[in-house]
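Those sequence lines, one after another, are chains C and P. All the letters of the first sequence, read from the start, carry residue numbers 44 to 461 under the working numbering. All the letters of the second sequence, read from the start, carry residue numbers 682 to 955 under the working numbering.
Source of the hints: derived by calculation from the structure; they are not laboratory data. Hints may contain errors.
Stated by the list, open to error - Here are the simulated lysine-lysine pairs, DSS-like style, with alpha carbons at most 27 angstroms apart: (1) K792(P) <-> K98(C); (2) K200(C) <-> K722(P); (3) K346(C) <-> K285(C); (4) K863(P) <-> K174(C); (5) K183(C) <-> K718(P); (6) K93(C) <-> K689(P); (7) K751(P) <-> K243(C); (8) K47(C) <-> K93(C); (9) K179(C) <-> K947(P); (10) K106(C) <-> K181(C); (11) K863(P) <-> K689(P); (12) K93(C) <-> K179(C); (13) K106(C) <-> K689(P); (14) K947(P) <-> K98(C); (15) K98(C) <-> K179(C); (16) K174(C) <-> K722(P); (17) K174(C) <-> K98(C); (18) K689(P) <-> K181(C); (19) K243(C) <-> K105(C); (20) K309(C) <-> K722(P); (21) K239(C) <-> K404(C); (22) K98(C) <-> K689(P); (23) K396(C) <-> K316(C); (24) K722(P) <-> K183(C); (25) K863(P) <-> K93(C); (26) K689(P) <-> K193(C).
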Amino acid sequence: MRQKNVISVAGISKQFSISSDDQYYTLRDFISDIPGKLFTNAVRKKRGEKFWALKDVSFNIKKGEVLGMIGRNGAGKSTLLKIMARIVPPTEGTITIDGRVASMLEIGTGFNSELTGRENIFLNGAILGMKRAEIKRKFKDIVEFSGIGKFLDMPVKRYSSGMHVRLAFAVAAHLDPEILLIDEVLAVGDMAFQRKSLRKMQSIARDEGRTVVFVSHNMTAIDSLCSRVALLEEGNLVAVGKPREIISEYITDFVPDDTPKIRENKVRAGNGKVRIVDFWIENGRGKRENFVRSGDVCFFIFKYECPSGESQRDVDMGFSVSTAMEQPLFLQYTSFTKQEVDNCPASGKFVFKFAKLPLAKGQYNLNTRVVVGESEADYVVGAASFNVEDGDFYGAGIPVGQNHSPMYVDGDWEVRSD
Amino acid sequence: MTDRIVIKPQTRPLDINWSEIWESRDLFYYLTWRDIKVRYKQTILGVLWIVLQPLVSMVVFTIIFGNFAKISSDNIPYPIFVFIGLLFWNFFSSALSSASNSLISNENILKKVYFPRIMAPISSTLAHIVDLIPTLVILVGLLVYYRAVPTILSLALLPLLLLMMLVSALGVGMFLAPINAKFRDVRYILPFFIQLLMFATPVIYPTSMFGGTSQWIRMINPVAEAIEISRSGFFGTRPMDWPTFGVSIIFSLGVFVTGLYYFRLKENSFVDIL
Numbered sequence: 044m045r046q047k048n049v050i051s052v053a054g055i056s057k058q059f060s061i062s063s064d065d066q067y068y069t070l071r072d073f074i075s076d077i078p079g080k081l082f083t084n085a086v087r088k089k090r091g092e093k094f095w096a097l098k099d100v101s102f103n104i105k106k107g108e109v110l111g112m113i114g115r116n117g118a119g120k121s122t123l124l125k126i127m128a129r130i131v132p133p134t135e136g137t138i139t140i141d142g143r144v145a146s147m148l149e150i151g152t153g154f155n156s157e158l159t160g161r162e163n164i165f166l167n168g169a170i171l172g173m174k175r176a177e178i179k180r181k182f183k184d185i186v187e188f189s190g191i192g193k194f195l196d197m198p199v200k201r202y203s204s205g206m207h208v209r210l211a212f213a214v215a216a217h218l219d220p221e222i223l224l225i226d227e228v229l230a231v232g233d234m235a236f237q238r239k240s241l242r243k244m245q246s247i248a249r250d251e252g253r254t255v256v257f258v259s260h261n262m263t264a265i266d267s268l269c270s271r272v273a274l275l276e277e278g279n280l281v282a283v284g285k286p287r288e289i290i291s292e293y294i295t296d297f298v299p300d301d302t303p304k305i306r307e308n309k310v311r312a313g314n315g316k317v318r319i320v321d322f323w324i325e326n327g328r329g330k331r332e333n334f335v336r337s338g339d340v341c342f343f344i345f346k347y348e349c350p351s352g353e354s355q356r357d358v359d360m361g362f363s364v365s366t367a368m369e370q371p372l373f374l375q376y377t378s379f380t381k382q383e384v385d386n387c388p389a390s391g392k393f394v395f396k397f398a399k400l401p402l403a404k405g406q407y408n409l410n411t412r413v414v415v416g417e418s419e420a421d422y423v424v425g426a427a428s429f430n431v432e433d434g435d436f437y438g439a440g441i442p443v444g445q446n447h448s449p450m451y452v453d454g455d456w457e458v459r460s461d
Numbered sequence: 682m683t684d685r686i687v688i689k690p691q692t693r694p695l696d697i698n699w700s701e702i703w704e705s706r707d708l709f710y711y712l713t714w715r716d717i718k719v720r721y722k723q724t725i726l727g728v729l730w731i732v733l734q735p736l737v738s739m740v741v742f743t744i745i746f747g748n749f750a751k752i753s754s755d756n757i758p759y760p761i762f763v764f765i766g767l768l769f770w771n772f773f774s775s776a777l778s779s780a781s782n783s784l785i786s787n788e789n790i791l792k793k794v795y796f797p798r799i800m801a802p803i804s805s806t807l808a809h810i811v812d813l814i815p816t817l818v819i820l821v822g823l824l825v826y827y828r829a830v831p832t833i834l835s836l837a838l839l840p841l842l843l844l845m846m847l848v849s850a851l852g853v854g855m856f857l858a859p860i861n862a863k864f865r866d867v868r869y870i871l872p873f874f875i876q877l878l879m880f881a882t883p884v885i886y887p888t889s890m891f892g893g894t895s896q897w898i899r900m901i902n903p904v905a906e907a908i909e910i911s912r913s914g915f916f917g918t919r920p921m922d923w924p925t926f927g928v929s930i931i932f933s934l935g936v937f938v939t940g941l942y943y944f945r946l947k948e949n950s951f952v953d954i955l
């Protein structure tokens, strides 16, 4: 039997205006801008820079489906979810939703540290859309699931962060709507808790008749939870289909092909004396590659520019790598190996050589940071992502293929007799 | 289908979805309850503070303005004269300031969940009703102590006057809340603005000090009108001025609708700014 559509997204677009220099627009700025506005449009232009976070996105979700949304940082996944949750309005388009909706964009929304655990269960439950009677009915289960027991009547400000997260998740996990919108909530807590919450999410998602929209960077979670996956790229919906197919399309699509993505990245800090504008990976023979294998010799290439056109002195370049679940793995600066750049040409490439890439199969995220002198010049969070495929790290002839942890370590075994 | 939600770019400001507000009544209850609870947990003296605060201000104001400055009080004993003024003023100003800050103080929730946005200012003003209870008890004590003979009408009007405070404070608050969310320096100007409003209101001085313009001021300042009606009614100093009261009610409602309209007009774009 064909199920009917419960969510239909029709031509959704969202425009944001970015004010790069001022996060806090004050009344004083507004008043001081008035004279400028009277004579030219210059001020308005500076502040009114617009960009489209979503461009004409349309799709339907059927009853009982679990739809995963994937895409790089800034692809518009979270914005789309926020529009579906009615937190931000779309600029164009219509979404029709049939059913009771609850959204989990973070856990512990509205937790008040002055209130006790008991009081926060009621407050947070109500904020998430539960009725008072419903919370009362589920209260025992929530407390039991959270495992906070005797701390129930203690103010939340005295909870450990672990207890805080457990209580928050316990409330969220007992939501029982027809349609559930979830954003990355699994990426909290320790590994044991993440496993527990993933299991809980699975049971929620598989519940008969419940429709779920799930945004995540965690491909394992997407693969195991979702019945269909939508891929977003720079505000456009590029593909919808079976999880395996879309995930592999997403992963192999990590080509630094068309445009340098880092150049446009808005999530950056620093004075801008040096800007990282592009990143790619080259293999041991200097050929550009879409992915690397564990244990390979490879080069991380960071193309940079100095917007002033002048060379810079005393430059320290660094990058960090974290897993798709944002677990930091390592950090590398030129200063670590005493290789700071004394005189850095106005444009060029920083090249880091891995003699033996220590990463296991998976997807990784990269942050970059450049320090000139004493001050931060450029800091880009989520600058790039890359993929690692199974490789023969130990040179033993076959890939180990471990998926226990994201790292390999070099070493040797021997047996010593007593 | 009752649970159908249609999400579109722009909603009409006065097209209010009442059933949705009714559906969210439990959240409304918990938001108000949270505001009350947190307020009394944060102050050291807690509940004692709301009893002490009006009493202490009454004593201080009586000493400064009643004894030293010898401000006229229309032959009403100055302590109860200023207490009536403070009762309305404090209720109005605290409701106004909470409503104006309601979007900023609920920022983390507004950014993560949907609920009818109008609940933020309303729930934060309603939380102040609780503060009124001890103040009203003290008022009764003072009326007995000063052997005042209030008219039945003036007592019957008291709830209506308090409602008028709430409605007008909400009106101004709903107007200021989106501005406060957009311009981050407004929150520093606001307490100053409220303080100035107090001097434009006959809290420490009688309405009669305005002379001929008194009537006009009472029409456009609901707090002035409420104070005047209560003072004259409790002590029978002046007869009830119905036309002025009528205009004052209409003015308050006008302020409320204007505030509501502006709030609804801007409510879609809050989260983009916050």
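Status of the hints after comparison with the structure:
no. : hint                : in the structure
1   : K792(P) <-> K98(C)  : 22 angstroms, holds
2   : K200(C) <-> K722(P) : 13 angstroms, holds
3   : K346(C) <-> K285(C) : 36 angstroms, violated
4   : K863(P) <-> K174(C) : 32 angstroms, violated
5   : K183(C) <-> K718(P) : 23 angstroms, holds
6   : K93(C) <-> K689(P)  : 20 angstroms, holds
7   : K751(P) <-> K243(C) : 71 angstroms, violated
8   : K47(C) <-> K93(C)   : 37 angstroms, violated
9   : K179(C) <-> K947(P) : 36 angstroms, violated
10  : K106(C) <-> K181(C) : 25 angstroms, holds
11  : K863(P) <-> K689(P) : 23 angstroms, holds
12  : K93(C) <-> K179(C)  : 46 angstroms, violated
13  : K106(C) <-> K689(P) : 22 angstroms, holds
14  : K947(P) <-> K98(C)  : 23 angstroms, holds
15  : K98(C) <-> K179(C)  : 43 angstroms, violated
16  : K174(C) <-> K722(P) : 25 angstroms, holds
17  : K174(C) <-> K98(C)  : 36 angstroms, violated
18  : K689(P) <-> K181(C) : 34 angstroms, violated
19  : K243(C) <-> K105(C) : 22 angstroms, holds
20  : K309(C) <-> K722(P) : 42 angstroms, violated
21  : K239(C) <-> K404(C) : 24 angstroms, holds
22  : K98(C) <-> K689(P)  : 15 angstroms, holds
23  : K396(C) <-> K316(C) : 25 angstroms, holds
24  : K722(P) <-> K183(C) : 26 angstroms, holds
25  : K863(P) <-> K93(C)  : 18 angstroms, holds
26  : K689(P) <-> K193(C) : 46 angstroms, violated
The earlier numbered hints that this structure contradicts are 3, 4, 7, 8, 9, 12, 15, 17, 18, 20 and 26.
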